[in-house]
Amino acid sequence: MSAIALRKVSVTLGGRRVVSEVTATVEEGEWVALIGPNGAGKTSLLRAVAGLLPCDGTVSLLGTPLEALGRRERAQRLALVPQEPRTPPWLTVAEYVLMGRTPHLRPLASEGAADVEAASRALARLDLDDLVDRTLGTLSGGERQRVVVARALAQEASIVLLDEPTASLDIGHQQQALDLLDALRASEELTLVAAMHDLTLAAQYADRVLLLDAGRVVADGTPEAVLTESALARHYGARVRVVTVDDAIAVLPARGASR
Amino acid sequence: MEAAAATARAVRVRGVTPGWALAAVAFLLLAIVVGIAAGPVDLGVGAVLRALGAKLGVPGVDSPLSPTESSILWDLRVPRVLLAGLVGGMLAISGATYQGVFHNPLADPYLLGVAAGAGLGATLAIAYLPHALSGHELLPLAAFLGGSVAVVLAYAIGRAAGRERDSATLVLAGVTVASFFTALQTFVQQRNTDTLQEVTSWILGSLPNTGWGDVLTLAPYVLVTTTVIIALRRVVDVLSLGDLEAASLGIHVRRTRLALVVAATIGTAAAVAVSGLIAFVGIIVPHAVRLVVGTSYRGLLPLSFVVGAGFLILADVIARTALSPAEVPIGVVTALFGAPAFALVLRTRGGRG
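In order, the protein sequences belong to chains A and B. In this text, residue positions in the first sequence follow numbering that gives the first Met the number 0: the first is 0, and each later residue adds one. In this text, residue positions in the second sequence follow numbering that gives the first Met the number 0: the first is 0, and each later residue adds one.
Next up, chain B with everything else stripped away, as it sits in the complex (with noise of 0.2 Å):
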């Protein structure tokens, strides 16, 4: 009796839990709100709140706000807010999916080299193609090109380099081919210095200014590549038992890797597109995650995404806080926090494949 009860509850998987779920939630939504209220003009959070309500339609509710401070909250803040949400989001489930599709706990964007190649792609198209991408629509497809050939470089010279469990080599190559492309970026950009001003600040990584219209490109580029990743999440952890147990099971190995992969580059390509190149997010937050709710990637990934976001909607405050008026790039608010955690990451597991 006692074996058969014990049966009955045992085989489980953990995935997201509904605790952990409502908790990562809460952590967003609390980072949102410190997001908008946060800033040169103070709107109040009451008032914030009663506006967003009025906004939704609840009955009753009016918005207390002037129409400067109604500006500020919808053309400013609240676009700042979705914009650093998506990103930062986006980063944090493209790390977790390329830390389980190359079984590799230190793969991120960033070290990576994707982030790098991402970049350069964007900086050639606004050097040499202003014409043709006059919009911003289609820089995220110049970014995934550059990104895509970064990851292949990468892996390739990795697995040339050293065995594909050594986990450092990697990396390694990842940064290699990350400082070969930013220099070419460095290059082109001093090569072209009127047409790309911006570009320094957006190689430091910081949120652009520009209302709604990021948000609306980047937008859907996250829907899909997200809805992809997380409609794949037990494969990932089928794929964590090696190239060779995973085929054992049936799995086309090449084929899904590939499809992970392309979805978290074109996913990280349209964020480095939209806001440069932000370090470490997509390496700390699912390692944060790992370290507090010890779960598999069924969990990890989706997980990784609402913290992802939250942390970088608050490294954003930070950025635009710290310093005000003056904007601090939210790629140097990441890396301040990131190398030490990502330095405690190395010291804790980076032995471990």
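Here chain A stands alone, though its shape is the one from the complex (with noise of 0.2 Å):
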């Protein structure tokens, strides 16, 4: 059974098609990148998948049709990290964390010892124990990016959603998000689908890439089959040299008289 099932589904904002029937599929445990050009429907998509925008076509999850699932069954299946999360500065650490819990929960309960235990191992797993008392307001860039990971994870959801979860960050800590969501796909098994911009990291994190391009998949296979240099050129405009190094592929841009 697939994590993520997508049959022509096309997204269409202010009269305008963002995403045209795109049909792919993403299998449990799998990294798949979402790659393409600013405004080729990267997060349009995301959110269609994650049920937050209205689609024509079937999204499926684990099986199941989106529209036969409930609000919270959704989000009980799949969580999603937005591009730029809002963190209130006032909520601490643990209270931004248990929100994690919502989707197990009713509109008026409140939080019982299985949320609690959730949101201590999801705090756990990523190192937090000792923040979280802190007001999100006083976190750094790289420590906010891993409170709102671990936010994801307390949903105890299979599928998770991220939408350029390395874009405010330095290299280094490109790095340490990228390597822990790789071992978190192994330890909780997780299926994980990126929006990402680094096509370098993208090759080197990926099982597989979907390049997409004015709201259509116009390439989807391994990175070294998709990250050409004549695709990279016909859809970002962009001139780049595809290398091999270290057995995984690095993608340099290439200075050169502008075409």
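Hints may contain errors.
As the list claims (entries may be wrong) - Beta-carbon label-pair distances, calculated as ranges:
#1 Ala342/B / His196/A: 40 to 46 Å
#2 Asp242/B / Ser139/A: 24 to 30 Å
#3 His196/A / Val261/B: 38 to 44 Å
#4 Ala126/B / Arg15/A: 47 to 53 Å
#5 Glu228/A / Arg158/B: 43 to 49 Å
To be verified - Here are some chain B residues pointing at chain A (derived, C-beta under 8 Å):
#6 Val12
#7 Thr16
#8 Asp236
#9 Val237
#10 Gly241
#11 Glu244
#12 Ser247
#13 Ile250
#14 Arg253
#15 Leu257
#16 Ser295
What the hints assert, rightly or not - Which chain B residues stay away from chain A? Per the calculated CB distances, all over 12 Å, these:
#17 Leu28
#18 Ala53
#19 Leu335
Calculated from the structure, these hints are not laboratory results. C-beta: ideal position from N, C-alpha, C; glycine also.
Both chains are given apart, each in its own frame, so use the hints to dock them into the complex.
What follows is the structure, encoded as structure tokens:
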């Protein structure tokens, strides 16, 4: 059974079709990188899969069509980490991570022992034990990123969608965050779909790459198959060299006259 | 071992800690005692406490008050203090609710135009439907209709004029709606000067000396709306993550926001129908609570109610005694304290959404 199955998924925003007949599957335990130039529809596609944007076509999560799932059932299967998560500065790390338990609670209920335990596990897994009582406003960018992932982990959804998870981090913290996600994927048996801008990192971490351009899937396969100089020239308008270093491919911008 | 121990004590929600709950309740009780004791006739705190004890059936305690004093206590002071408490608590918890729901630290029943809309609704009802509303029981309903129109207008104008996260835009829209509705209200009032003499002081906000009638009118509205808001207090925190993330956590954002706004607006309207337009309680009380307790909405909402009740009882004491025997409208008192406090709020956190 596929973790995510999309059939002819289209999203129209303000009269403009931003995602166009996307058909794709993501298997359980896979890490799929969603790449494409700015405005290709990556964010809209992630939101449609999360049930947050109306779409045509069918989206199935773990074999069940999205519309057959209630809001909370859906959120128990799938967590979304947006590109710029809102982190109210007055909340403590503990309070914020506990919010990940919302799909497991009835609207008027408050958290029980099981919820506290799930949040504690997530905090411990991300080495955040020392920060639990700190407010979000006092955290560094890297710490905040880990807290957001901890919230998604506390949600105990097996599918995690990430929109540019490393956009605001320096190169060291980017590697730490991606290493951590990869470790979590193994230990927590997660399926990861991440929209990514850094193609070298996408190639290093993802099992499979989905290249989106103007709302359509234009390539779908291993990093080596998708990340070719000609494909990147065509869809990104970029002049790049794709080289192999230590058995991994790297995408290097090439300086030259503008076309 | 150390890590395990740290985790065991670690994950908790601040909510309302017993210490702060106790402090808030103590503040409210103090305000109630001061509110009952203060006035032109000095009843004496000791005598008041003994009379309260006698009324509550504490064995061996007799009321030392004369029949006249007893009447002042039970027919004037106590209902007046209860009314101030209900209005203050309601305005404060409504303000905190609007702030959470609109992601806007500057939201307040007065600044959003809800109070002005409720005032217009109530004035229209008094002016044109005197028979249908001969009692005061349905006045809150007319006020609610006016207040709802105002909050919808303010939100729509604010959305059209700027991004949702821009907190100043919503307030500007609210102030625009408020001045328009206040102008309409003044117009209606001028055309009906004979029936609406009392409306003038009501616009400035003043608590009526009507004994238990208004307390009993207001109490059910406050009870129901406050219960709804406090029952949803955890969800208000989730809403503070923004619509997208709240929805991704399985919350029905529109329905939840609607329930909260309706509850806060009904409560505000009922309070306005009784007491007129009392400004700034809804913004300075939640901010004071935040400043001192530094808590999430889960703790902020109930604490705001308790502290707001105590605050307005004390403001009412000033209103009654500052120019005694004349009475300063209580809205003037809250504005005198509230406007500078609001300026401070703008300075410290106006920029944040």
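**OP:** Against chain A, run the beta carbon of Ser247/B and see if the smallest gap drops under 8 Å.
**Re:** Holds. Min distance 4 Å.
**OP:** Decide, holds or violated, for the assertion that all CB atoms of chain A are farther than 12 Å from the CB of Ala53/B.
**Re:** Ala53/B is indeed farther than 12 Å from all Cβ atoms of chain A, at 40 Å.
Original post:
If you take the shortest Cβ to Cβ gap from Leu257/B to chain A, is it below 8 Å?
Top reply: With Cβ-Cβ at 13 Å, over 8 Å, it is violated.
Original post:
Do the beta carbons of His196/A and Val261/B sit within 38 to 44 Å of each other?
Top reply: 43 Å, holds
Subject >> Evaluation of the interface hint that places Val237/B against chain A, nearest CB under 8 Å >> reply: 6 Å, holds
**OP:** Answer holds if the nearest beta-carbon of chain A is closer than 8 Å to that of Ser295/B; otherwise answer violated.
**Re:** 6 Å, holds
Original post:
If you take the shortest Cβ to Cβ gap from Val12/B to chain A, is it below 8 Å?
Top reply: 5 Å, holds
**OP:** Mind checking the CB of Ile250/B against every CB in chain A and telling me if the closest is under 8 Å?
**Re:** Since chain A brings a Cβ to about 7 Å from Ile250/B, closer than 8 Å, the hint holds.
**OP:** Using Cβ atoms only, decide whether Arg253/B comes closer than 8 Å to chain A, and label the hint accordingly.
**Re:** 12 Å, violated
Subject >> When the least beta-carbon distance from Glu244/B to chain A is tested against 8 Å, hint result >> reply: 6 Å, holds
**OP:** Quick one: work out the minimum CB distance from Leu335/B to chain A and report holds if it exceeds 12 Å, violated otherwise.
**Re:** The claim stands: Leu335/B keeps its Cβ more than 12 Å from every Cβ of chain A (closest is about 28 Å).
Subject >> Range agreement (Cβ of Arg158/B with Cβ of Glu228/A, hint 43 to 49 Å) >> reply: Cβ of Glu228/A to Cβ of Arg158/B: about 46 Å, so the range 43 to 49 Å holds.
The structure fails to meet hints 7, 14, 15 from the earlier list, while all remaining hints are met.
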